[in-house]
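Novice: Chains A and B are the protein sequences, given in the same order. Here the first sequence is numbered in the working numbering, starting from 18 and rising by one per residue. Here the second sequence is numbered in the working numbering, starting from 3 and rising by one per residue.
No wet-lab data here; the hints were simulated from the structure. C-beta atoms are modelled at their ideal positions from N, C-alpha and C, and glycine is treated no differently. It cannot be assumed that every hint is accurate.
[As the list claims (entries may be wrong)] Dumping the calculated DSSO-like pairs for lysine-lysine here, alpha-carbon to alpha-carbon at most 30 Å:
id: 1; chain 1: A; residue 1: Lys307; chain 2: B; residue 2: Lys72
id: 2; chain 1: A; residue 1: Lys63; chain 2: B; residue 2: Lys43
id: 3; chain 1: B; residue 1: Lys374; chain 2: B; residue 2: Lys452
id: 4; chain 1: B; residue 1: Lys243; chain 2: B; residue 2: Lys327
id: 5; chain 1: B; residue 1: Lys31; chain 2: A; residue 2: Lys67
id: 6; chain 1: A; residue 1: Lys293; chain 2: B; residue 2: Lys203
id: 7; chain 1: B; residue 1: Lys4; chain 2: A; residue 2: Lys338
id: 8; chain 1: B; residue 1: Lys452; chain 2: A; residue 2: Lys293
id: 9; chain 1: A; residue 1: Lys293; chain 2: B; residue 2: Lys214
id: 10; chain 1: A; residue 1: Lys254; chain 2: B; residue 2: Lys458
id: 11; chain 1: A; residue 1: Lys307; chain 2: B; residue 2: Lys203
id: 12; chain 1: B; residue 1: Lys369; chain 2: B; residue 2: Lys288
id: 13; chain 1: B; residue 1: Lys288; chain 2: A; residue 2: Lys338
id: 14; chain 1: B; residue 1: Lys223; chain 2: A; residue 2: Lys293
id: 15; chain 1: B; residue 1: Lys4; chain 2: B; residue 2: Lys72
id: 16; chain 1: B; residue 1: Lys43; chain 2: A; residue 2: Lys67
id: 17; chain 1: B; residue 1: Lys489; chain 2: B; residue 2: Lys515
id: 18; chain 1: A; residue 1: Lys307; chain 2: B; residue 2: Lys43
id: 19; chain 1: A; residue 1: Lys67; chain 2: B; residue 2: Lys126
id: 20; chain 1: A; residue 1: Lys225; chain 2: A; residue 2: Lys291
[To be verified] Partial chain A-side listing against chain B, Cβ under 10 Å, derived:
id: 21; residue: Leu251
id: 22; residue: Phe315
id: 23; residue: Ala420
id: 24; residue: Val453
[Stated by the list, open to error] Partial chain A-side listing against chain B, Cβ under 8 Å, derived:
id: 25; residue: Lys66
id: 26; residue: Phe198
id: 27; residue: Gln202
id: 28; residue: Ile247
id: 29; residue: Gly250
id: 30; residue: Lys254
id: 31; residue: Val314
id: 32; residue: Leu317
id: 33; residue: Ile414
id: 34; residue: Asn417
id: 35; residue: Val419
id: 36; residue: Met435
id: 37; residue: Ala456
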Amino acid sequence: MKQTDIRNLILYFSSSIHIARVFQTKSQTLYQHAKKMHQFLSDIFKELKKIELTISDNHLFFNDERASVEMGIIGRYRSLIHDLKTLSIGSILFVNLPELEEIVSFLCCLGMNLAASKHSFDEIAASLQKEGVKSIKITRIEDSNQRDGILRSIRKEALSSLLESISYLKKITIEEETNIFEARQIVRKFTELLFKERSYLIALTIIKDIGSYTFNHSANVCILSIAMGIELGLSRKDLLELGIAALFHDLGKIDIPGDILNKPDTLTNIEYEKIKQHPYLSAERIIFLKGVEEVPVFALRGILEHHIDYSGTGYPDISSKSPTLFARIIRIVDSYDAMTTPRIYQNVRSPFEALKYIIKSKDIYDPSLVKVFLDIMGIYPPGTIVLLKGNIKGVMISENEVAIVEKGKVSKSAPKEMTVLKALSPNEVDFDPAEVLAAIASDKHSEKDSEDSS
Amino acid sequence: MKDLEFFVNNFIKSIKNHKLYQKVSETTKEFIGKCYVNLTKVQEESGPVVLLINEDKIMNDSQVLHSDPKRLTSIPLFLYRNGIRSLTFLEGISEEELESLVTIIASREYSSQIGLLEDLWASKFPHIIYHAVEKTKKIQEYDGDVKAPSGIAGQEVTILPVKVKKKDTVPGDQQEIGLKYEQKISLNRERTSFLLIESIKDLLSYETNHRKRKSIYMILKDSIPKFLQAGNLSDLYQTKKLIDSQKESKSEFVEILNEMKEIITSKAALQLYTHALTSSNSNRIKREASDLLEYVGIAGADELINELEISSDFVSKDLIISLLKNIFAEHKEELEVRLVNSTGKTFSVLLLIIKRLKDPYFIPCLKELFEKNNLPQTKEVLFSLLQRKDIIAYLDHSDPAVRITALEKLKAIWTPEEFEIIRDRIMSKRFWHLTIDEIEALLQLLSTLKTDDTIKIFSTILRKVPLFKEKIYEIKRMALQALSNIKDEKAVELISRYRNSRVLKETVAEILKKYETN
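Generate coordinates for the entire structure from the input sequences, incorporating the hints supplied.
Specialist: Here it is as structure tokens:
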């Protein structure tokens, strides 16, 4: 589902439920809202066969894809989750386009139950059946432990996949007979995980010290590039190729002597010429992999052109100076990850500073793609260490969630919603954000629902 | 249960049929149609259909629906080897979705053990769920396990909702970034071959390692048949340019380049190029096709000649003639042999090419042919090639038509050196016995040389006493007309002398009127 559709569905649904709760009858106002929702659903059903809205661990999923919610509708988003949880509804499935009357009955039923002092899932289910609502099915919410478990297992898998990718990249440098299918498997996994839990996987890219820089960087660029590809609506086939390009884009550096790659001083012309060869070397890495029946041409091009600027300058000196889509994506993501990584020859920038630089450099990066990248990363990208109101430090794990480390439990007087004051550099905290991210994939953390903390 | 068995059997037949024809043939469509009917029937009765995949059978619960011993062409074994353990078909599936599934399965080789899962994953069928097992690696783990590591040990990590202060904005001026991509974009896969060739060119420009260079060449070589199959002429043109640009000295590489050239100039390729040349509306494609056909060279000549014979489009014809001209310029003997052995349309086509070539090489052959067949078209081409000296020799030819042609050809190229030859002919007694056409040709030729001697000859002719009245008058009128080509005073004066002649006055009046208007 398109993100704009998801946004509209949240808006229509939450406002309709609100109206239903206020009027508690099949009022004209409710009909008007239901009509809008019916029209909207009929548009979506032209493309989709079913629409399923599921709550899992304080997040809404639409047809198994996690909703990415902008700040403007975050209130509606949370209110919708709260209402559905109150009614113990874990998922709503539109098996086909419901009639207008079905939508009205469904909304009215939810509204009346929300207004009542006692809430019963069974009663709602019985009412819906009685009212003849056949196109909309509801299921009971899963046990919260079970929900938490699902999210944790996704996060564990994300962390394992990251490690798996690095282990694969290391293997490539040692074994000649490495198979491209393993790389594709990694990309597929990243893609699935990005559909399910994008923020956490993006947050993991903050980890810069598993294995050597090149491997770590390659995996990070792969994750962020696929995230951009998903946002752009690329097909799975295209995402697979984009992921391969990103995973291999810098692997040619392995063939360049380390004393050139890590030289703290300015490079000599000869050394710089060597560095400029890495797009060729990286491109060759994919074509010579075992199992390549058909050369992934767009990946190959993306690698060759990933140091060509949007304006057409850059290296290497290749036939075309207008970089293809994959190259323009990798150009942004590659720079972002490199800038946010501490290196011998450069000062590390905060994600905020890195984004600022990318936005300003309009000749280097495709401005339209920069906008997409900003939409994904937000002001404080997942993984950013932040200072919160009350002098609390935490790690952003999504656009609206922060993981904080406190001795014991979080302060009882903690506000309902934490406020971010500013981003911090790793030197300003006494914990490693990577460890925090690993911890929230483990069993030892608590998740505090917004309504619980009030 | 019968419908379920029919469904599975038709499903298998669809796949095998698709594999056989390498496409969705009419028969494949028929099987898929039947398969779909069976499937929907079962779904109406019992909901989603789950097929369990075993090494040698396909089952539903414990019921065996299809069994096939472990052999290469066994579909259950193929699915099993690719890790698929079950396929579930949900209600609402369309025939197109089923056809896509069949296509994906059939597109892989029987022996293939990887790739099918990837294809299924990329397709994301809305009503087909596959359950599969995939080999996973034992990987390095983060500090031994995914758990809270020592740095934050003893501390609990809590996740809280967070909001960003409103005054915080995305760094930089976002307003300036007005552009935004459409919600859905996709790669233009039509450019795949073009980008492959570009990439190969780039890699070859960099790579010096012998082994790697060879591998890069091999990728290109393996791709050419695919370009041919796809019928994309531009890709073949780019490939040809790439091949031409390679300056290899190592015999091994030269050999590969030649092999590639062979594929590009194969019979199948030739038909594609000819078709593009004559049928495409794009000038670029026509130009590329022409270039490729020239690359094919003499091997493609007959195809082109044939095309020339049947084509009625003037632009295409002209292109082909130019092309053949270029090809035969390097293969004159080949053209000569073809000319001698041809008749009818082919003969005319070949003559046209020779005319364009303007090469005296063909004169002996044409002379011989002309003597033999005396065809006007042969004569025309022959004379277009002849030099002045050769043409003069033809003035004594026994055939008046040939002599006339020689006179006409001489008109543009003769010099005062040949004046005597022409004068003697006109002044001879035989002149008056020549055919009217030849006389006219002689007089017209004479009039192109503006000298006093010329006017004298005309004067002699005009003074001739008319013995054979009508013919003499006719010749005199011709002489006056020819004389009028010489636009000087003496000529006008001579013409004017006959303004009162009973038989010539009309001609003179006509000429003088023409002078006035001019």
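Novice: Look at each hint and say if it fits the structure.
Specialist: Verification of the hints:
1. Lys307/A <-> Lys72/B: This hinted pair holds, its Cα atoms lying about 27 Å apart.
2. Lys63/A <-> Lys43/B: 25 Å, holds
3. Lys374/B <-> Lys452/B: Outside the cut-off at roughly 38 Å; violated.
4. Lys243/B <-> Lys327/B: Measuring from Cα to Cα gives roughly 22 Å; hence the hint holds.
5. Lys31/B <-> Lys67/A: Satisfied, since the Cα-Cα distance of roughly 27 Å is no more than 30 Å.
6. Lys293/A <-> Lys203/B: 17 Å, holds
7. Lys4/B <-> Lys338/A: 62 Å, violated
8. Lys452/B <-> Lys293/A: Violated, at roughly 76 Å.
9. Lys293/A <-> Lys214/B: Given that 30 Å is the threshold and the Cα spacing comes to 19 Å, the pair holds.
10. Lys254/A <-> Lys458/B: Given pair Lys254/A, Lys458/B is violated - Cα atoms ~92 Å apart, limit 30 Å.
11. Lys307/A <-> Lys203/B: 22 Å, holds
12. Lys369/B <-> Lys288/B: Violated. Lys369/B to Lys288/B sits at ~36 Å, over the 30 Å cutoff.
13. Lys288/B <-> Lys338/A: 27 Å, holds
14. Lys223/B <-> Lys293/A: 28 Å, holds
15. Lys4/B <-> Lys72/B: 24 Å, holds
16. Lys43/B <-> Lys67/A: Given that 30 Å is the threshold and the Cα spacing comes to 21 Å, the pair holds.
17. Lys489/B <-> Lys515/B: Holds - the C-alpha atoms of Lys515/B and Lys489/B are around 13 Å apart, at most 30 Å.
18. Lys307/A <-> Lys43/B: Not OK: Lys307/A and Lys43/B at ~45 Å, beyond 30 Å, violated.
19. Lys67/A <-> Lys126/B: 14 Å, holds
20. Lys225/A <-> Lys291/A: 25 Å, holds
21. Leu251: 7 Å, holds
22. Phe315: 6 Å, holds
23. Ala420: At 5 Å from the nearest chain B Cβ, Ala420/A passes the 10 Å test, so the hint holds.
24. Val453: Check passed: Cβ of Val453/A comes within 6 Å of chain B, closer than 10 Å.
25. Lys66: This interface hint holds because 5 Å falls under the 8 Å limit.
26. Phe198: 5 Å, holds
27. Gln202: 7 Å, holds
28. Ile247: 11 Å, violated
29. Gly250: 4 Å, holds
30. Lys254: 4 Å, holds
31. Val314: 5 Å, holds
32. Leu317: Holds: closest Cβ of chain B sits about 5 Å from Leu317/A, inside 8 Å.
33. Ile414: Holds - the Cβ of Ile414/A comes within 8 Å of chain B, reaching about 7 Å at its closest.
34. Asn417: 6 Å, holds
35. Val419: 4 Å, holds
36. Met435: 4 Å, holds
37. Ala456: 4 Å, holds
Checked against the numbered hints given earlier, this structure breaks hints 3, 7, 8, 10, 12, 18, 28; the rest are met.
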